[in-house]
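Student: Basically the numbering used here = 1-based index in the sequence shown + 39.
Source of the hints: derived by calculation from the structure; they are not laboratory data.
Note that the structure is a prediction, hence the values are computed from the model and not measured.
Ideal Cβ positions, reconstructed from N, Cα and C, are used throughout, including at glycine.
DEER-style ranges, computed between Cβ atoms:
#1 Val91 / Val257: 23 to 29 Å
#2 Lys95 / Val204: 34 to 40 Å
#3 Lys235 / Pro72: 37 to 43 Å
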Amino acid sequence: MVFKNLDAFTTFKDDPKTGIITDIDGTISKIAPTPDEAVVEPLIKDSISKLVKKFKLVAVVSGRSVEDAQRMLDIDGILYVGNHGLEYLKDGKRYIEPDVVKILPQLKEAIEKIQNGDICRIPGILLEEKGVCFSIHYRQCEDSEKTRKIILDCLKKLEQKDLKVTEGRKLVELRPPIAFNKGSILEKIVSDNNLKKVIYLGDDITDVDAFDKIKELVSLNKVDGAAIAVKSMEVPPYVMDHADYGVDNVDEVGKFFLWLTENSKNK
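My request is simple: use the sequences and hints to build the entire structure.
Tutor: Below you can see the structure in the form of structure tokens.
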């Protein structure tokens, strides 16, 4: 656990060239019944603002749209990466991967079929259009596992072979089949910003790619890195197994961020 191994993080804490990369939902924002109800608490926002002032790079890599990620934090100086790396916002400009644009008509057609199909008739279902991805949330459904299977079966029947189906915490997502995940975008961030030290924090299945990428880069002596997972009963145990360290909840992430900014020789 992180707080039993703080000495391992002193090298990151004392180097202003460190990069901090984090997921949002379930990591710096507590999971809420619907995406719109989720918030980043003021204390965590304040600690992130301090991280921005202290370290070379602070980035958020989220499954949310990049605009939504920015709305939740509203902090200048952060690199916002949305839809698992398919789009990002830097210096006020939004960038979308070129290959994604080609797939958007197919995605739109699939979304229309879903909106007019059986999935929408399930009580508690919430559909979320995110620009370049589409999420189906079943958190508020009475039988979540049964609903999950129904959603997956319905998506298999779609005649959109070029779209990719992925899963997260109580959601199923439809996205372009671009070879981008949180691991590949982490590697790009490290390369683009010439990071030599990096900490990544996440809580979900989609964060495993980033955890594994950190370990790969460390094994190749490209970075000094650490992967931190936030515990959750909703997430398979193997997610924690892929991380180097863990914290119990979102509040502990906030405490860790404050620790990184306090009592440092570089403060």
